Amino acid sequence: MISVAPLHRRPPYPEPVLSPDEPPPAGPVADTPPPRGRRVSPVVVVLAALLVAAVVVGVVLVTGLRRSNDEWQAASARWEALATDAGEQAAAAQAERAQLEADLATTTDQLETAKNRITELADEKAEIADSDASSQQVVAYQARVSKAAANVADALTRCVQGQQQLIAYLDDASSYDPDDLARYRDDVSTVCGSATDANDALQRALETG
Amino acid sequence: MRLRAGVAALALVGPLAACGIVPDDPAAVPTSVVPPVPAATTAAGLSPDGFDAEHRIALRLRSVTCDGIATGSGFAIDEHTLVTARHVVDDATSVQVSTYDGHDVLTTTATIARDADLAVVTTVDALPVGATLAGSDPAVGDPVTVVGYPLGKALDVTTGHVTAGRDDPLRENAAPVLVTDAPVEAGSSGSPVLDDDGHVAGVVYAKGQDDTTYFVPVSTLRSMLDDEDAFVPTPGCS
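Chains X and Y, in that order, are what the protein sequence lines are. Going by my numbering, the letters in the first sequence line up with residues 14 to 222, in that order. Going by my numbering, the letters in the second sequence line up with residues 1081 to 1318, in that order.
This is chain Y alone, in the form it adopts within the complex (with noise of 0.2 Å):
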């Protein structure tokens, strides 16, 4: 009887042996493998012309004199206020601006600094994109970029270091200036002082000996723009 009884076994669990021989079924085929692909993004940031931020804050004056014309930088600072140098529009009877795609702007006031070589210009229309200030000035060593009209030519852009700090030599600025080698030429007065963060660390105002070039530094700017006494209307010729 236990002899059966083992064949009997052996006969059931024979079968059942055999099937656990047999490997399994392949797991089901997807339909696809091709992983899910990302939506496309649009960059934050992204000048809708191509120009970058630097090229988009720069602007181009003309300051029309008594005496004739002159040709100058400048930058916005905000929709509808634009920095520039006091000599640029000091003697001016009227002041044209134009942007680095040609438009022109038209303006209302212009206001000089009384205690540097600064002035405030506003405008009727709007300009296209305002600068950042940086929040400190630059330190002796840092590198920087000066977006200007050099000569009333085209749009340029030139980089160098900060070289030195001083007083100023033609003592158009109470305050100590910033020297950088940062090439300029007549006619980038008012031009940005860039940092490494594309934010606005001065304000050209001379070209110095040995394509040295003489910026007020951003703290004076904030200060100036912070005292509302800071600024005068411009005499204009006489």
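Isolated chain X, as found in the complex (with noise of 0.2 Å):
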């Protein structure tokens, strides 16, 4: 058992008493001690003044802290919110990216097509255009042909002509002037000549064909 008494303070010194027809005592009062209560101690000074200091350095320190830490926060919000718009920003640029590469790719072949077109299309258009172009030869092979065919009957049907009118003036040789009948049959000679020049015009464009 611990046995608990009631401290009690015992003044320092004496409390005087004093008579009320007692004068009081003489002698200076300067000299009288100053009580040591009152008598702060240099430790305790610089303690309460450290402690004043780091309570102000703690105020200091954390509204600092808080706020820088607002201010991060902050910051940190906006760079979260700018990272998520650029990486929409990217996965829409991919996407686009591949859409644009998609269409490349069929643009590419679609081009491709339509140059191999392009290429038969001119081939099938040169090709119809010698066809023409032999045709028109063709044509004018048959025209030439014909033109000298028909000369060659045309000279002919005079030659002809020319040698019957011949024959009958022969014979009634003695009603004509032997000079003209001459002349007449040169005339006749010539013709059936032009006819002999025609046939053979004609063999050349049978030649040549």
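Rather than coming from a laboratory, the hints here were simulated on the basis of the structure. Be a bit skeptical, because a hint or two may be false.
[Stated by the list, open to error] A few chain X residues facing chain Y, derived, Cβ under 10 Å:
id, residue
1, Ala66
2, Ser81
3, Arg91
4, Ala96
5, Asp98
6, Ser147
7, Gln149
8, Asp213
[Stated by the list, open to error] The calculated SDA-like cross-link candidates involving lysine to any residue, where the alpha carbons are at most 25 Å apart (straight line), are:
id, chain 1, residue 1, chain 2, residue 2
9, X, Lys138, Y, Thr1238
10, X, Lys138, Y, Gly1182
11, X, Lys138, Y, Gly1215
12, X, Lys138, Y, Ala1133
13, Y, Lys1233, X, Thr203
14, X, Lys128, Y, Ala1123
15, X, Lys160, Y, Cys1317
16, X, Lys128, Y, Asp1277
17, Y, Lys1287, X, Glu140
18, Y, Lys1287, Y, Asp1217
19, X, Lys128, Y, Thr1122
20, X, Lys160, X, Ser148
21, Y, Lys1287, Y, Glu1265
22, X, Lys138, Y, Asp1181
23, X, Lys128, X, Ser147
24, X, Lys160, X, Thr203
Quantities reported herein were computed from a predicted structural model and do not represent experimental measurements. The beta carbon of each residue, even a glycine, is placed where N, CA and C say it ideally should be.
Fit chain to chain and form the complex, with the hints in mind.
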């Protein structure tokens, strides 16, 4: 068992008791030493100052850190929003790029097909033009041959007619001047020679076909 | 007194030191982190219709003679001039030209070289694009490309290498000719032989045995083009 006894403060020195009739004691009051309880130790002062400083520093520090924290959190939120936006842009750009690449591949295939088709059409057109040129040459050849044949027929007709007329004249030669008959015979020979020339031209036309 | 001054200094320095502990404010957040996108550009020399230059310079010739028609190949050297082989046009009464995309080109005159199987035809209409002549003849082993209309059919591209240089066995060319293994057919005469840079290195004029192809080197073509007397009008058919 521990007994607890009340503590009694013992005065540091006896309190003087004065009667009303007793004059107060003479002597200088200044010589009386100051009460020992009012004297503050320097250590206490230093500690108190340090405490105050620590409190001030703490308050300043806490305030600064809170403000800095707020700033960093706000900045972090803005960066996060920015990153999200950039990510969305990147995703959209990648999707657009993939679509463009697909479109480009399709367009490239279409271009290749179109080029091949253009080449085919150019070839078809050229070959049709070849056939047309050949046909024109055949037509021209046939026209040349026909014209040459017509010339031969015309010349032969005139030759035959001339010869028939010459025979008729010779049957009644006494009725005509011999010089006229000779001249007419020469004319018939010329006409028949033309028929021979026309026939030669026809043969040449046929050979060049 | 010294102690109090120290305490006062500590009271002043303490908050300042505390401020030093607090991190700096974050840097300003930009409004965008996307770098500037460069402006889209168009590649230089891009074909307007997807056909490359080697197709665009090739020309198809139809030579109308007294005996019929013949087809050959050629290539433009400027807007109104094309080069082909002499035997393609020497008997022609008219020369008809069409381009890779089927356009017909009206021609005016055709002249043939005296000493080489080469001919020059001028046109009324503009040709698609002119070829660039190579600065020198290709060497044996160099890769070459032949663009033309074999058998008068569709435009065709064949490749090979220069295999030899020799005198002309047909005696159509006074100067030596070159040989390549790039295959050709009748109708390819006049086709340009292109080097690796796409420049004209020669002109096809004959097909040999074993798929060999004979062509007039570009040096001969250059010398002919530089000589005004080298070409004479076509005699046509008689």
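Structure-based check of all given hints:
no.: 1; hint: Ala66; verdict: holds, 4 Å
no.: 2; hint: Ser81; verdict: holds, 5 Å
no.: 3; hint: Arg91; verdict: holds, 4 Å
no.: 4; hint: Ala96; verdict: holds, 8 Å
no.: 5; hint: Asp98; verdict: holds, 8 Å
no.: 6; hint: Ser147; verdict: holds, 6 Å
no.: 7; hint: Gln149; verdict: holds, 8 Å
no.: 8; hint: Asp213; verdict: violated, 17 Å
no.: 9; hint: X/Lys138 with Y/Thr1238; verdict: holds, 23 Å
no.: 10; hint: X/Lys138 with Y/Gly1182; verdict: holds, 7 Å
no.: 11; hint: X/Lys138 with Y/Gly1215; verdict: violated, 36 Å
no.: 12; hint: X/Lys138 with Y/Ala1133; verdict: holds, 22 Å
no.: 13; hint: Y/Lys1233 with X/Thr203; verdict: violated, 53 Å
no.: 14; hint: X/Lys128 with Y/Ala1123; verdict: holds, 20 Å
no.: 15; hint: X/Lys160 with Y/Cys1317; verdict: holds, 21 Å
no.: 16; hint: X/Lys128 with Y/Asp1277; verdict: holds, 23 Å
no.: 17; hint: Y/Lys1287 with X/Glu140; verdict: holds, 23 Å
no.: 18; hint: Y/Lys1287 with Y/Asp1217; verdict: holds, 19 Å
no.: 19; hint: X/Lys128 with Y/Thr1122; verdict: holds, 21 Å
no.: 20; hint: X/Lys160 with X/Ser148; verdict: holds, 18 Å
no.: 21; hint: Y/Lys1287 with Y/Glu1265; verdict: holds, 7 Å
no.: 22; hint: X/Lys138 with Y/Asp1181; verdict: holds, 10 Å
no.: 23; hint: X/Lys128 with X/Ser147; verdict: violated, 28 Å
no.: 24; hint: X/Lys160 with X/Thr203; verdict: holds, 20 Å
Violated hints, in rising order: 8, 11, 13 and 23; the structure is consistent with all others.
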